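When you get a sec, could you build the whole thing from the sequences and use the hints?
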Amino acid sequence: MSPLNEAEFKTYLAKAREKRATVLQSGAAEAKLDVSSVTIRKLKRKGGGSSKNGPPSLSDKEPIAAPRLNNMAAACGSKVVLSSPRKRIKKEKTCVPMEGTDIASLWDRRFDGMGFVDSNLSFTKDVQEVKESGLEKAGEILVAYSLRSALLGKVITDQFQALVGHHSNCQDELIATKGKLKIANDTLGDMKKHILKVNKRLEEEQTALTQLEKKNENNKAFEEEEVGLKKSVDMLKGLSIAKDVEIEDLKKSVDMLKGLSAAKDVEIEDLKESVDMLKGKSAAKDIEIEELKKSMDTFKGQSAAKDMEIEDLKVDAALRYQDGFDKAIEQVHILFPSFDFSEADAMKSVVDGKLV
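Under UniProt numbering, the residue at position 284 of the sequence shown is numbered 284, and the numbers go up by one with no gaps.
Hints are supplied without guarantee of correctness; some may be wrong.
[Said to hold, decoys possible] Pair ranges (Cβ atoms, derived):
no. : residue 1 : residue 2 : range
1   : K281      : K214      : 17 to 23 Å
2   : M235      : K281      : 47 to 53 Å
3   : K214      : M296      : 33 to 39 Å
To be clear, the hints were calculated from the coordinates, so they are not data collected in a lab. The structure presented is a predicted model; accordingly, all values stated were derived computationally and were not measured. Using N, Cα and C, we set each Cβ at its ideal position, and we do this for glycine too.
See the structure below:
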């Protein structure tokens, strides 16, 4: 069995999404992505909050739980609300890359990273807080967040490799199942050929039996003729004594006919035994045919069960792929909250740097 091509995989991915939507509509609890281990550091506003120990800075390390990724709020220009124990902070998002340019990727050689930071990410309050906290402290924070980003990247990579391994195992199981199914189909084909041979033999034996029945009818006609001859002999005896010589000849003829009749009787008995033997063989063949039919029904049921099992495995693989894709998008959105992931979809492919 060859691996699923892109079109087949997208088909089963769509089925997985429909299955998930059905579960959500029936009131089942939505599968939650576990991101409780990821924390972010909240930057306090200068002069804000309830702190009485002077103006807050980047050194404040109050961890708060990372919010769940909302795919519907990932469009450009929408407002993303980050949950906080104290207050919800609304922050305007900016589409990347900037409008009016033909740069479609952050990895484009023409993309000016420093210019983009200066024009889009240069917030006066953040710059002031970095200056107040000092370069050493800012460097420590930069190293900490870089290490966390690297850790998240490793986790995402490990999970993706695990998903790929699981998908490969599923492919191996499907290949093995198809191999078994092919063996079953080959066996079924051999059984059909054997049944055709048996049916042909039954037709030949039926033809032979019909011929034997015709021979039996001819023997009955001969017996009737013999009875008529006996009547003729009795009539000749009563008509004339002078016909004794002729009668003697007739007796000899009758004796000869009796011998022939006895031989015919023996032949008829042999034919009856042959017919009985053929009937026994025919009954045995009928039993064998019934057993073959039962075996065919069993193989058909097993084949249908394997088809259903293969279909469930394909839908399960698509569900696992969709879950892994959603987890990766959610974690990347936490690392880069300003990026727009509204067009990200597991059904799309990257062609010439674009989602298709």
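Checked hints:
no. : hint                      : verdict
1   : K281 <-> K214: 17 to 23 Å : 20 Å, holds
2   : M235 <-> K281: 47 to 53 Å : 48 Å, holds
3   : K214 <-> M296: 33 to 39 Å : 37 Å, holds
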